[in-house]
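Trainee: For reference, the chains in residue letters:
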Amino acid sequence: MGTAPTRVVVTGLGAITPLGTDVPGTWQAMLAGQSGVRAITDEWAQRLPCQIAAWAAADPATLIDRVQARRLDRCEMFALIAAREAWADAGAPEVDPERLGVAVASGIGGVGSTLAAYDTLKEKGWQRLSPYTVPMLMPNGSAGWISIELGAQAGAHTTVSACASGAEAIGYAVDMIRSGRADVVVAGGTEAAILELNIGAFAAMRALSLRNDDPERASRPFDKGRDGFVLGEGAGIVVLESEQHATARGARVYAVAAGAGYSSDAHHIAQPEPNGTGARLAIGRALANAGVTADQVVHVNAHATSTPAGDLVEAQAIGAALGPRAGEVVVSSTKSMTGHLLGGAGAVESVAAILALHHRTAPPTINLDDPEDDLPVEIAVKPTGLQPRGEGPMAVINNSFGFGGANVAVVFTEP
Amino acid sequence: MAMSQQEILAGLGEIIDEIAGVPADEVTPEKTFVDDLDIDSLSMVEIAVAAQDKFGVEIPDDQLKDLKTVQDVISYVERASA
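Protein chains in written order, with the working numbering: chain E, 1 to 415; chain G, 1001 to 1082.
Keep in mind the hints are simulated off the structure, nothing from the lab.
With a cut-off of at most 27 Å between alpha-carbon atoms, the simulated BS3-like pairs for lysine-lysine come out as follows:
1) E/Lys122 - G/Lys1054
2) G/Lys1054 - E/Lys124
3) G/Lys1065 - G/Lys1031
4) G/Lys1065 - G/Lys1054
5) E/Lys224 - E/Lys382
6) G/Lys1031 - G/Lys1068
7) G/Lys1054 - G/Lys1031
8) E/Lys124 - G/Lys1065
9) G/Lys1054 - G/Lys1068
Taking the hints into account, I'd like the entire structure generated from these sequences.
Mentor: Below you can see the structure in the form of structure tokens.
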């Protein structure tokens, strides 16, 4: 008889999103079906076809010490704000520093700092670059800053897989605990890329919604009228902990971080594989990794970004992975409200999935006025109660897919 | 245009408050940057660049490393701007 594998539980949640500056504010706005999408009023937007985005609910610099804010990229501020909330929510546990880790992702890193520094370089010369320029633009800056603040010495890691980065970081953190490298890991993702370059570049791919005249209705996953995603920004963080460590300190447990599954499309650098094979494989592998059956799954927080191709492929993949009773699974795309947070998406949506499980209520998918025909799953258009469908604890899945063909699914179950 | 030591100290206090978050009234001549004011080498670079802008005095890297106390900077700026 071998020892039972280490179970990993979620004991803290943090987020700053277009819907709120913290988890309660974000969750409340989600249940109310609010949109965080706004018109971009900066003059640079006038040069671009897309003029809408989902800004975070507050300027993060107003929530960070003034001196520290000078040294942080906006994405690092988001990560630190969410990490502080998650850590406090977990009860600020006493942890051996060598057993405390960080896994915080970003899809792009400090691109705002990169662009600003390049302007400074060209206009004023290298001497005027902040000596903090490199730590501001490197994608692992957020993980590094969080590790410094918490004194985490087990490792500070950054997974990069475009829009799957945040979910991959959570999977990495689960593995850190299972493999015995850490007892507690602060994990998630962050992004701050609402900038002329990024909007322009995504527009060049024809990936963005151009519904400039109706921002709040622009992000409409699974709706026939969808025309692309809306760029959002913010961060989500979870505190993951070995069950033994959490139990020993009497921690409140939201959910079990039961497992993660991965695949790569090996098809196209930026388009989904049309049969959804990669997505289906990732979901199936996540269930196997978690030891969960398809019938335990009651809710999926879909990647669904509101692009014409991606949403349909994902719905088919969920249907294929969850089998004949997939129609009973409640699927939501919270991107309909938050926009697409890129490297922050998988983390914020994992937080939403965990809360859905915790409160037994799936958040709605807004703007779904005219759903695609023959979807193999039910899309929640209003807050929807979750009930067990079979044997075993209820499970929820967060799907996250990224350019490069990265597919990640993370499974959470009731404690 | 020569500045008094008091003027340089006041200007330096503003810079250090802005960059390192140390209140200007704690920036007194005898304080060391590293041990007393908890200012790291990266922030010292920022302070030196800001001091150049404010006082019109260039502080080369090989001089900067020898400026250990607030008084060292005051004396350097006073000498260089005389």
